[in-house]
Each structure stands twice: as C-alpha cells, then as structure tokens.
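Undergrad: Can you build the whole structure from these sequences, using the hints too?
Protein chains: 2
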Amino acid sequence: MKDNADLNYAWAWAICEGLRAGGVLQVIISPGSRSTPLALAAFRHPELQTRVILDERTAAFFALGAAKASGRPTALIATSGTAVSEWLPAVTEADLARIPLILLSADRPPELRQCGANQTTRQTDLFGNSCRFSMELPLPEQGLYAAACRFAVQAAGSAHWPLPGPVHLNIPFREPLTPVDFPLPDNLQPAHLSRPVLDPNPEHLDRVAQAISSRPGIIVCGPETGTALPAHEIAVLANRLNAPILADPLSNLRDGSHDRSQVIALYDLALRNPSFAGEVRPQWVLRFGAMPVSKTLNQFLEGLDGIRHILVDAHGRWADPLHQTTDLLQADPAGVAQGLGSRVSPADEDYLQRWKNQQKRVREIIDEEAPEEKQLIDTLTLTLPENTLLLSGNSLPIRQLDWFHRGRERPLRITCNRGASGIDGNIATLLGMASACRQPVVGLLGDLTLIHDIGSLAAAKGLNATLLVLDNGGGGIFDHLPQAVLPEHDALFSTPNEVDIPAIVQGFGVDYLPTTPGQLANHISEAANSHGVSLLHLQLTRSTSLAQHKRLWTRLNVE
Amino acid sequence: MKDNADLNYAWAWAICEGLRAGGVLQVIISPGSRSTPLALAAFRHPELQTRVILDERTAAFFALGAAKASGRPTALIATSGTAVSEWLPAVTEADLARIPLILLSADRPPELRQCGANQTTRQTDLFGNSCRFSMELPLPEQGLYAAACRFAVQAAGSAHWPLPGPVHLNIPFREPLTPVDFPLPDNLQPAHLSRPVLDPNPEHLDRVAQAISSRPGIIVCGPETGTALPAHEIAVLANRLNAPILADPLSNLRDGSHDRSQVIALYDLALRNPSFAGEVRPQWVLRFGAMPVSKTLNQFLEGLDGIRHILVDAHGRWADPLHQTTDLLQADPAGVAQGLGSRVSPADEDYLQRWKNQQKRVREIIDEEAPEEKQLIDTLTLTLPENTLLLSGNSLPIRQLDWFHRGRERPLRITCNRGASGIDGNIATLLGMASACRQPVVGLLGDLTLIHDIGSLAAAKGLNATLLVLDNGGGGIFDHLPQAVLPEHDALFSTPNEVDIPAIVQGFGVDYLPTTPGQLANHISEAANSHGVSLLHLQLTRSTSLAQHKRLWTRLNVE
Chain A
255 MKDNADLNYA WAWAICEGLR AGGVLQVIIS PGSRSTPLAL AAFRHPELQT
305 RVILDERTAA FFALGAAKAS GRPTALIATS GTAVSEWLPA VTEADLARIP
355 LILLSADRPP ELRQCGANQT TRQTDLFGNS CRFSMELPLP EQGLYAAACR
405 FAVQAAGSAH WPLPGPVHLN IPFREPLTPV DFPLPDNLQP AHLSRPVLDP
455 NPEHLDRVAQ AISSRPGIIV CGPETGTALP AHEIAVLANR LNAPILADPL
505 SNLRDGSHDR SQVIALYDLA LRNPSFAGEV RPQWVLRFGA MPVSKTLNQF
555 LEGLDGIRHI LVDAHGRWAD PLHQTTDLLQ ADPAGVAQGL GSRVSPADED
605 YLQRWKNQQK RVREIIDEEA PEEKQLIDTL TLTLPENTLL LSGNSLPIRQ
655 LDWFHRGRER PLRITCNRGA SGIDGNIATL LGMASACRQP VVGLLGDLTL
705 IHDIGSLAAA KGLNATLLVL DNGGGGIFDH LPQAVLPEHD ALFSTPNEVD
755 IPAIVQGFGV DYLPTTPGQL ANHISEAANS HGVSLLHLQL TRSTSLAQHK
805 RLWTRLNVE
Chain B
255 MKDNADLNYA WAWAICEGLR AGGVLQVIIS PGSRSTPLAL AAFRHPELQT
305 RVILDERTAA FFALGAAKAS GRPTALIATS GTAVSEWLPA VTEADLARIP
355 LILLSADRPP ELRQCGANQT TRQTDLFGNS CRFSMELPLP EQGLYAAACR
405 FAVQAAGSAH WPLPGPVHLN IPFREPLTPV DFPLPDNLQP AHLSRPVLDP
455 NPEHLDRVAQ AISSRPGIIV CGPETGTALP AHEIAVLANR LNAPILADPL
505 SNLRDGSHDR SQVIALYDLA LRNPSFAGEV RPQWVLRFGA MPVSKTLNQF
555 LEGLDGIRHI LVDAHGRWAD PLHQTTDLLQ ADPAGVAQGL GSRVSPADED
605 YLQRWKNQQK RVREIIDEEA PEEKQLIDTL TLTLPENTLL LSGNSLPIRQ
655 LDWFHRGRER PLRITCNRGA SGIDGNIATL LGMASACRQP VVGLLGDLTL
705 IHDIGSLAAA KGLNATLLVL DNGGGGIFDH LPQAVLPEHD ALFSTPNEVD
755 IPAIVQGFGV DYLPTTPGQL ANHISEAANS HGVSLLHLQL TRSTSLAQHK
805 RLWTRLNVE
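For the protein sequence lines, the chains are A and B, in the order given. Under the working numbering, the first residue of the first sequence is numbered 255, with each subsequent residue one higher. Under the working numbering, the first residue of the second sequence is numbered 255, with each subsequent residue one higher.
Note that these hints are calculated values from the structure, not bench results. The beta-carbon is built from N, C-alpha and C at its ideal position, and this holds for glycine as well. Hints may contain errors.
Unchecked claim - Pairs of lysine to aspartate or glutamate residues, derived as DMTMM-like cross-links and limited to a Cα-Cα distance of at most 20 Å, are as follows:
1. B/Lys715 / A/Asp754
2. B/Lys614 / B/Glu533
3. A/Lys614 / A/Asp586
4. B/Lys804 / B/Asp754
5. B/Lys610 / B/Asp513
6. B/Lys715 / A/Asp744
7. A/Lys610 / A/Glu622
8. A/Lys715 / B/Asp754
9. B/Lys549 / A/Glu365
10. A/Lys715 / B/Asp744
11. B/Lys715 / A/Glu365
As the list claims (entries may be wrong) - If you only want the chain B side, here are some residues facing chain A, beta carbon under 8 Å, derived:
12. Asp309
13. Gly335
14. Thr336
15. Glu340
16. Thr346
17. Leu350
18. Cys369
19. Gln373
20. Pro575
21. Gln578
22. Leu630
23. Gly676
24. His706
25. Ile708
Stated by the list, open to error - Listing some non-contacts, in silico: residues in chain A with all C-beta distances to chain B over 10 Å:
26. Asp453
27. Asp602
28. Gln693
29. Lys715
30. Asp725
TA: Dropping the structure here:
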C-alpha cells in the first residue's frame, strides 16, 4: 500500500462491493475532489452503473426516480460541503415515500472539522431522523476493509428493511486522494440479506373478519408507499366481501389486468353529491396505502366516526391524520388480503351496486360536460403504451388524474412524489425513472413544476422520456383554493411564469413540440416511440378551465 | 376575531412587526398555501419589501446575497414540506460565512404530524446546529401576540449576535388560512436590541504586543467573516509594526482608499519561490478573518511551527485548520488593531522591503508572461465602476483573483460564497446582492457554476447586474489538481458542459453577449451602465490556459 491515496481507493472499493451485495446497481456521482476515491471505485466497478450529474439536488431526485422505477436502492456520491446539503429535498421525499436511497458523502477527516478548513461542514447525521441508518465510517485502514464492506451492506439492507428509506454513510478521507496503483482489497465476503415475509397475526385477522363480514363497507386503496399494492389479492378480497374498492390513481388498482369490476375510480366526483354520500355510509373502512389524494373522499371518511377503521401497513408508520384507526394490521398487504378473504362472508350486493350506479351516472355527466382537462386525461391514459410508467406532478395534474382517470386494462403504473407532495425535483425524478427501466416513461407536469426544476434537463442526455406540460400560465391550483378571492392572488399565489419555455428546453438539447388537445394522441405516440427526451407543451386557457370545472362541480352536487 | 383565518393573519402580522424591529427589510416569499398568513402579512406590511421566488433553493441563496450586500438579516417564507428543506444549502453557507438569515417555515399543526397528512414533514429544528436560534412557535392565540412579536425580534437579534448566522422559526397554522377581515394586533411594543462593543482584554493585548514588537512578522488578512475587516485600523497597525499585510482578495484590504503601501497582494506568486519563502520566515503571524484562499500561503504558514500565531476573531469560532494558534483574541478586530497599534514598536524596515521587492519582481514576471486570465483579471478589476460589489465564484475565479488581482484605490468589495465554498446558488446570490444595494453588482463565475444554478435566472426580473462567465468548457479547476492525470478526468471531474448557454440565458429574459478579452472592458462598462441583467460569455481555450499557467509556475519557482 503506497500511501493514503491507494488506501482510500481500496477502502472505497470495499464500500462498492458492499453496495453491490446489498442490491445497488446504479450510482449517481456529482463531481468533486474529496469524493475522488468513491467516484473512481464506483466508476471502475464492473457491476455498478454510474452516471455523472453536476447539480446534487438533481442527482438526488434522479436517484429517487431510479429507485422508484427499479425498486432497488440507488446510491449517491458527492464531495464535502453544501453539495451534501443539496440532497435534503429528495431525502425528505424518500423518507416519507419510503424509497431506498444510499447517501455516500465524502468528508474531511476529523482533525479538519470545526476549525475553518475549506469546504468543511457538519455532515455527520446531517439528515437526522430522515435516515434509517446513519454513521460516520472510521478513516480508511487496511485491517478494516471487511468492516467498510459490511457497513455498506448494512446500509443497503437498512434502506429496505424494516422501513424502506434513505441511509447515510459519511466517509472521511485524508489527502492525497488520487490513487496510483488502484489496489483492490482481498477476501471480501459481503453478507447476503433477506427480508422476512410478514404474515398477519391470525387472531387479529379473526377479529377484523368478524367485524366486517356480511356488512357493507369500503376498501380504500391510497397511494403506494414504496412497494406496489397487491392488486389481485385485494380484488379477490373485495369480491368475497361484495365491497367497492375506492382506488386512488397512485394505488395502481385502477389500471391493470386484475379483476377491476369492483373498482370505483370516480369516487371523488360521486361523493360530491351529498345525498349519495349519505346513502353509502359504510359500516367499516379497510385501508391500504397512504392517505388518498382526494379531499372529497377524506372529508367523507372524516364523517365516519364510530365505525371500524382498519388500516394495513407493514411498516408501523401508519397514515391516519383523521385519527380514526381502530385496527392497525402490521403485516404485508398481500397476506392480509388473503387472510381476510378466507375468513369473511359477503355483504348484500345492493351496497356495491349503488356505488357502481353512481359511478355510471358520474361518467355520463363528465362525458356530457367534457371539461378540457378530462378530455386530456382520457386521451393521455388511452394513448400511453402498455406498461408505461407515468409520473404525475403534484398540484393540479394528480388531482385531474384523480378526478377523471377511469382506469384501463393495459397495465399502467402511475407514480408521484407524494411523500411530501413537493413541486421540486420532478424533472430529475422523471429522468431517474427513465434511467432505470425499459418501459416507456412519461411525465405529466404543470408549468411551475417544470420551471422549478428546469435546470435538471441538463441530465437528460442519453435517456428516453416524454414530458407533457400542461401550461396554465402559473399556479392554477390556487384558482381552486380559498386564496383565489384575494387581491394578492396573482402576485403571491398563482405567480405566472414569464420565461421562454421553448428556448430553454431546446437549449438543454431536449426536443420541444407545442401540442393541442387534438394533436395530443399522435404526439404522445410519436414521442413514446422516438429516442431522447421530448417535451410536449400544451397551453390551457385558465378561465375556460375554471368555468368548466365550476359548472361540473355544480352539476355533480345535485345529480 | 372571526375564526382561525383572521387569528392566523394577526399572528403573522405580529411576527412581521418583530422582524421589522429586528432590522429586517426584505422578505423573500416562495408561493404556497400553508404559508398564506405569513405571505400576506409581509406583503401588506408597509415597512417590509417582499419578492416572490418560486424555487426555494433560489430564494434562500437570494436572501443570502441580500444579507451579504446589506448587512441586514433577510427573511424567507415557505410552505411546509420539501420547500423548507430546499433552504439547507444556503443555510449551510450562511452558517459558515456568518450571514444573518431568518427562516420562517409554515407548518401543519401538531395533530397532523407523524400521521401521514399531506405535505407534512419533520420541520422543527430541521437545520440542527446550523441555526443560532430555532424554535417552534405555539399555535396562534390572541393573548400571545406580544410573545409572537417578541420571538421574532429575538430571532432577528440572534441572527446578529453573538454569532451571526441563520435562525429558524417553525410556525404552525390551523386551517382556514385565508383571512377575511385582516385584523391587526394592538399594542405591540417590540424591544430595541443593540450589540455590545467587544473591547479586547488589555492584559492579553500587552502580552501579544510584547511578543510581536520589534520583530519581523506578517499580518494575514483572510476572507471577511460576515462583517468587513477594519482596513484603516489594520493598515495603521501594519505601519507601526513595519509588517507586510498579506491580504486575501476577500479580505477587502487589497482595494480601497486606506493606506495600501504595506499590502502585499501577490503573496501566492511570491511564495512559490522557495528561496524567497525561506528568507522571509517571520517570527510571528497575526491573522484576521477566515483562512486565506491561497494554498501556497497556507503551506507557508504550515511550515511556521514554534512561533507566535495570533488569531483575532470576535465570535469564538476561529479558523485554524493548521492548529497553530497560540493566542486567540476574542474581540472586535478594530479594537484589537488599535489596541496593539498603541503598544508596539516597529521591526527593522528590511523585512517589509524584501516582501515589496519580491512582489515587484513577481509583477514584472506576470506582466511578461501575461497569461490570458491575468489579463482578464486586470481588465475586469480596472474597469469595474467605483464601489462595485463583485461576487466571485469558487473554483478557478477566486483563485485567479487571488493570484493576479493587485488591488486598486477606487473602492471595490469582493465577496464569494466562501463559508462552505460550494459552486451552488451563485446566480441566486448575485441577484440577491443586486436586490439589496444601489452600487453596481458584478459576478465572475465559471461555466459549471453558471449551469449548476441556471434556473435561478428566473429570479432576474427587475434587477440590475452583470455576470461575466469564464467558460473553459467544464471544471477547469481539475486541470490544476492531481486528478488531471487520470483517464477518468473528463468523465468524472472536468465534466464538459453540453448545453446551449445563449439559448437558455435568453430564454430567461437575460441579455446575452459573447465577449472577448479585447472587448471585455467596453462590454463591462456598457453592461454596468445598462438596466437589467446581462451575461457576458467569454470562451477560454483550456489547453492554452494550462500551458501558460505551467510556464508561469515554473518561472516563479526559480526567479
């Protein structure tokens, strides 16, 4: 071992071996000097794929997207200083959305901290409770290669189990940093890890089955929390119970080849009619996933005091801001659905039929009213190729999908940064998804969400993705909120964008195409079949949109 | 008081009154719903200036720039969720650079936390040790308006004293958020705060004066840490001691109307000659400010064991990664300089003369060699109007200023995000500076620093600033570092930029002008006298630059 530089490199290699054993495939590197040993080891490792992204915020959301699309922990490397703090927004999202991210921050050695050394900040435990596992590695030492490798496996494992999310290794290196002989450590034997199957407690299943059997109730499937919900098993359970499945677009139960005959997609619109909402008051609620996007549904649930509310969550971090849960089944959702399915008897068919009838009625109304965004959602979701991964922006896009997307048989997976519901990092998330899967990747974003993260288009090179931007000239969401009446509405809330989107997008080497509702189907198909990243820009007229929605809400309230 | 909405507004107004009393003028608002009461109160407050910036990362660096330029604490408002975590990079810089920032994060009320409510993260104490003061306000309550106001004054005060830096108020609001009657709280009497004068300990001054009197030594002025160094007082002290002042470009002692006859600006180049460095070994070092940028100087200092190293720092967070400090004078630098000045006798003139002679020799050499960047720095610093505020990027620009900027009599203040030395947020910092002062504001940045923060150009509207981008097609800094020899140099380190800078810059509505060394003086003058933000784009040939520098280093080593 010549000197620190080669020692640092072998140390970094041991970490990469551990990451690989822990399931990591992709490593996103932001350039820097202190991180040289890590960047070189990852780059040279034959089983790791690396990609260099300048902006660490972009890199982190990109890794988030890659981890969402692949289900694998994705690693980040950055140099010391503010570079590391740029990761926080994506870490916050990964924490709440339960996405495995592995943060590898290079650092100065301890003797250079707290004394004004250049580019030296407080990095140890920087992300606090947002990380499942956080440690500062010791300085590289030949006798500790196995330990470095072990900590990396352990970090990757903790990113998956018991609660998926971010993990952080802070890794100090002494200078010099550039290796000479590139030695590799011998005899590393990274451990194999496995996650247990979480079978539900049978007595608890018995009690819950007894409470819901033969009684009218609803199954509410909210957004996925990290892992896919078991669509088939939930459909079978619903069938046994004669219960409607109120499926959020992010639950991924609206779309697919499972039995969708009991899926109610248009519940938000249906429940806007108070007399219908009164008629279908259930005797129990069984919930999978996170809280649904729909405010209408959440208000309906809020009115259901005194009944049985059962929540299924494998991770003990349950989603219930209404504080109604009477039973928390901490187990894998598939096992819960199967276990309940074998224990329950069906309710009267009539209850389910009411939901189906109202959904049919709502469908007729929206087909008659045909607000522009409804047409767009129809066109988009009918056109997207099989197995498309669709990233929805927060604010209006996810609400419009929620209101209008009826579901389809050809598989479609819809995702959204719904952990913290930020409008930041969406372009980077989309590109990261595109980097980690072979299926078509499409984004549906508003104009402010585009502009918030427009610099991330610099990471588009070599990727295939389509981005549909619904441009209502600012934060149209506030037109639908109480702030709409304020004189400060434009200045403080809707904040119209004033940038030349085509010029900027093309400046990043991204194909730009203005589109219209009539051209959308063709443009989507073309973009999905072409190489590179394309942005389809669709201008909406905000006043028309608002008027159409208002008319629709009025009709739905009474019909 | 009608309901929560009006209560929330009056509460936010009380906070704004406190901010105003604490010296805040400017409030940067990022749009959001939960922050509605704060945004409205700040917007309607007659003595606060507000500006809306979509991207919270941009907003935070913008506030940092405004605080740097004005010396006043600058406030930020954002809604709950990832929005708040976007502030961390600028908070890290503000912490280390000692810049007063006031972070006002809106939050959900406690009952909506830890239960999966939308857009709800862990915000309390999110920034950990980086903040001087961090608290969660109670929920709005009519009887507590005076307390809310008081906490805001206290936060603003803590952003200044005893250690300037960021402070954080996390402010929960219950719905509804949109006020109806906009009531104002009565009888608020925010406290007046003042910072003490920090006189040095007279016995310690005596001891230090005795140690340095009549002996050859050097005064090293590093980068400002938040507040300006007392140029005149230090110059007088240097004169009493016959000591050279080694002045970092960020110390702001190279430029200005104080007595600059003992200022050695070109010490980095001078000390590259080992025989000169051996000849001028001092018997003491007196340091003001942070660690200097120059690696050559720092290596020179590192070799000076066993002598007296005196560091002056008002805040007890001293900068000494070499661990050499023998005396830490915790007091205002002006008082220390005056106190020592009245106690010391001069060393022999000969020592100072050696430094002056070598600086003269170095000046001849660089005038003969005339590397392109030296010419550019000369042109730039000679052309900039009086009282220009110049923001330097990290990486190469600050090093080139350090190497080549000789200083000038007309005042010029050079600043840099040198707390953590990140390449992020520089555009936003520049724009924030422009928002908070009347003098000309100019940035000198590399191409990667531009691209890292290019989205911040969306905040340029209505501001006047000039941005000179030295484009060497990627991270040219790595050409000067050991990584230059690696086969991975381009892929992992220099990372050439591949975006169309003119298209993107113009897409943001910023004037774009390609420039050349010959045109630079005219273009700088024109841009400084025109309205709006202009970007001057100067392409450098990397191989030429590197060859010229290498030849220069070789000559300096021996002559």
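Undergrad: Each hint needs a verdict: does it hold in this structure or not?
TA: Results for each hint:
1. B/Lys715 / A/Asp754: holds, 13 Å
2. B/Lys614 / B/Glu533: holds, 16 Å
3. A/Lys614 / A/Asp586: Violated, at roughly 33 Å.
4. B/Lys804 / B/Asp754: With a Cα-Cα distance of about 31 Å, the restraint between B/Lys804 and B/Asp754 is violated, given a limit of 20 Å.
5. B/Lys610 / B/Asp513: Holds: B/Lys610 and B/Asp513 sit about 15 Å apart, inside 20 Å.
6. B/Lys715 / A/Asp744: holds, 16 Å
7. A/Lys610 / A/Glu622: holds, 19 Å
8. A/Lys715 / B/Asp754: holds, 13 Å
9. B/Lys549 / A/Glu365: Within the cut-off at roughly 18 Å; holds.
10. A/Lys715 / B/Asp744: The hint holds at about 16 Å.
11. B/Lys715 / A/Glu365: violated, 45 Å
12. Asp309: Since chain A brings a Cβ to about 5 Å from B/Asp309, closer than 8 Å, the hint holds.
13. Gly335: holds, 4 Å
14. Thr336: Check passed: Cβ of B/Thr336 comes within 3 Å of chain A, closer than 8 Å.
15. Glu340: holds, 5 Å
16. Thr346: Since the shortest Cβ distance to chain A is 5 Å, the answer is holds.
17. Leu350: Cβ of B/Leu350 sits 6 Å from chain A, so the hint holds.
18. Cys369: holds, 5 Å
19. Gln373: Nearest chain A Cβ about 4 Å off; hint holds.
20. Pro575: holds, 4 Å
21. Gln578: violated, 10 Å
22. Leu630: violated, 24 Å
23. Gly676: holds, 3 Å
24. His706: Holds, about 5 Å.
25. Ile708: Given a least distance of 5 Å, the restraint on B/Ile708 holds.
26. Asp453: Per Cβ check, A/Asp453 is outside 10 Å of chain B; nearest 24 Å; holds.
27. Asp602: For A/Asp602, whose nearest Cβ neighbour in chain B is about 32 Å away, the distance exceeds 10 Å, so it holds.
28. Gln693: At about 27 Å from chain B, A/Gln693 clears the 10 Å cut-off, so the statement holds.
29. Lys715: violated, 7 Å
30. Asp725: Holds, since 14 Å exceeds 10 Å.
Violation of the numbered hints given earlier is confined to hints 3, 4, 11, 21, 22, 29; the remaining hints are satisfied by the structure.
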